[in-house]
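Chemist: Protein sequence lines correspond, in order, to chains A and B. The numbers in the first sequence follow this note's numbering, run straight up by one, and end at 164. The numbers in the second sequence follow this note's numbering, run straight up by one, and end at 328.
A couple of the hints might just be wrong.
Below, a list of computed lysine-lysine pairs in the DSS-like style, where the Cα atoms sit at most 27 Å apart [unchecked claim]:
hint	chain 1	residue 1	chain 2	residue 2
1	B	Lys-280	A	Lys-86
2	A	Lys-3	A	Lys-31
3	B	Lys-245	A	Lys-127
Which chain B residues face chain A? A few, computed with CB under 8 Å, are given here [unchecked claim]:
hint	residue
4	Leu-197
5	Phe-201
6	Ser-203
7	Arg-205
8	Ile-246
9	Ile-257
10	Leu-271
11	Asn-279
12	Lys-280
13	Ile-284
14	Asp-289
15	Tyr-298
16	Thr-302
17	Phe-307
18	Ser-308
Just so you know, these hints were derived from the structure itself, not from any lab. We put the CB at the ideal spot given by N, CA and C, even for glycine.
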Amino acid sequence: MTKYFVFRNQSNGAQKNVPGSREEMACEITKVVSQDELPKDYYIAFAQENEQTVNETLREMATCTVEIDDEREKIWINEAQALWYKFDNLEDQIGMANTAIYFAANDLGEALEQSEHFNDIEYLGPKTVERTFEYMDSSGLSQFADQLSEIFEVEFFHNTYLES
Amino acid sequence: MKNYLIFKVDGSPIDDDLNSPEVIASEIAKAILEDSFESSRYLAILSDRFGTVETSLAKQPIASLNLDHDGVNLWISEGRKIRDAIYSLIDSIADSYSNIAQTIHLLEDICHKSNKFGEISVSDDIDLDRTFEYIENTSEQQFSECLRKVYSFNEMEHQGASDA
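Just chain B, with the same shape it has in the complex (with noise of 0.2 Å):
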């Protein structure tokens, strides 16, 4: 079992070998973390080579993670799928509200203006906000868990360093 040292970056270069422990790691911890930004980017070093090699890496680890093969082919047999398919859901749930509150938002513009139809209210007959809590369940926080647990999470104290 491998121990890798979890560090959030900045436009770091991807690794071009996406099944690689070092991306795998990254990309767990980024689920675990429910950071579903495309932009955010995690670099994952294994700990044995912290101090050493990475001396350039002025930065403190967020957390750590263990890894070792079965983990690793876990990932990529049924955590990516699922990661995927949360942020899929995420992603539609997002542009349907966003979608739909435009189109209230120019509905109601044009009947405050119309002067025979001013009186109707569709945010009233549409809560929408209270609408979409009905479906604001995506998996994500119980993945989350469960990911910690398998992949034994553990989320460092000295938090300032995660917005480096």
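One chain only, chain A, in its complex shape (with noise of 0.2 Å):
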């Protein structure tokens, strides 16, 4: 079982995990757990060599800690990683739908509204449109954090997760 250390990557591009490594695989699962959108190179991950060597600094600084295996490895790579590319793809239908209802509506109200016969009609706000989309947003993807966080071991420092 080895710990890594994922922290906030300050280094304007100069550092980037490797593809594949567990050190990426770290990065990718905080970004899932903290469920935010972030780029790619936002985290950048470090195994922990030797538990006595982790001064309470190096704690203050990371982020998060998240424990890989090689059996989490497995259960990362077989199921998580592509359960999570269709979360993703959810989201961004939702996101997609949001867009183009809130136009289409907002179209339709604009015609109705510079109608000098029609503008009595009642239309879909754009308003409505957001707090349905506001609704749908949770999606499932609570519950697959929650699972991957308890899976991982993913420890958050500072209350970054909940600040987040």
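Assemble the dimeric complex from its two separately framed chains, guided by the hints.
Modeler: Written as structure tokens, this is what we have:
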């Protein structure tokens, strides 16, 4: 079992996780669990070489820790990653639906308001569209994030998880 | 004020002049009948001409409506734009529902096949049917009711002809 310390990557692109590495995996898991839409190299991770070497300063700087071993790596690769992509796809679909319906409703509202004969007709307001899609945003992702957090024993520091 | 008889037809030739009273009368009838299917075709004939020139049309009219110069102008300046905006909203809602439902289905399929994430239920989290009920007002029905009054639309009793 190896513990990975995940940090906000402040190297301006100078440092990146090796693609396919467990470090990259730890960062992806962090992004899913935090449920934030973040760029690819937003986090960078380092394996804990030796438990005794982790001093309090390092803990204070880290966003979280993620535990990965062979079995958990397989869970991520064989099950969780595909699910994450699908959840991401669902979020995109919901976002696109929100935009398309919002603008279509807005166009109809304008056409009705500019009309002399049909301006009494009620129409779908953009605020109703916004509220409806806000309600849809939960989309099961929180269940997935909770389970991932449990499996990979994700531990956030400084309440960053709660603040995000 | 001229009275037009409305027929539902299959694959009738489209009049080149989109602003002719006959084309406009057929468009208004389609909007009043809330028939947003692109393939549906309606034909309008001046009631004075029915039984003379159009004797080859072995069908009964499904409705009639009154149309004068002002009615034509109202449709061109306001009605058509509102109709297009309503159809666009209907299409946006239908496409959005279909895309999200399909993604949820795929997502749940992956969840059900998973050992670790089999209990996640996205459709419990997103009640898609209930959610879309909040945005079901496309104004189509109210627009139809207004048009009925403006154009003195009269639906015929013998509905069998409408299926022809």
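Chemist: Each hint: holds or not?
Modeler: Hints, verified against the model:
no.: 1; hint: Lys-280(B) <-> Lys-86(A); verdict: holds, 16 Å
no.: 2; hint: Lys-3(A) <-> Lys-31(A); verdict: holds, 17 Å
no.: 3; hint: Lys-245(B) <-> Lys-127(A); verdict: holds, 23 Å
no.: 4; hint: Leu-197; verdict: violated, 17 Å
no.: 5; hint: Phe-201; verdict: violated, 18 Å
no.: 6; hint: Ser-203; verdict: violated, 22 Å
no.: 7; hint: Arg-205; verdict: violated, 25 Å
no.: 8; hint: Ile-246; verdict: holds, 5 Å
no.: 9; hint: Ile-257; verdict: holds, 6 Å
no.: 10; hint: Leu-271; verdict: holds, 4 Å
no.: 11; hint: Asn-279; verdict: holds, 7 Å
no.: 12; hint: Lys-280; verdict: holds, 6 Å
no.: 13; hint: Ile-284; verdict: holds, 5 Å
no.: 14; hint: Asp-289; verdict: holds, 4 Å
no.: 15; hint: Tyr-298; verdict: holds, 5 Å
no.: 16; hint: Thr-302; verdict: holds, 7 Å
no.: 17; hint: Phe-307; verdict: holds, 6 Å
no.: 18; hint: Ser-308; verdict: violated, 10 Å
Taken one by one, the earlier hints fail for this structure at numbers 4, 5, 6, 7, 18, listed in ascending order.
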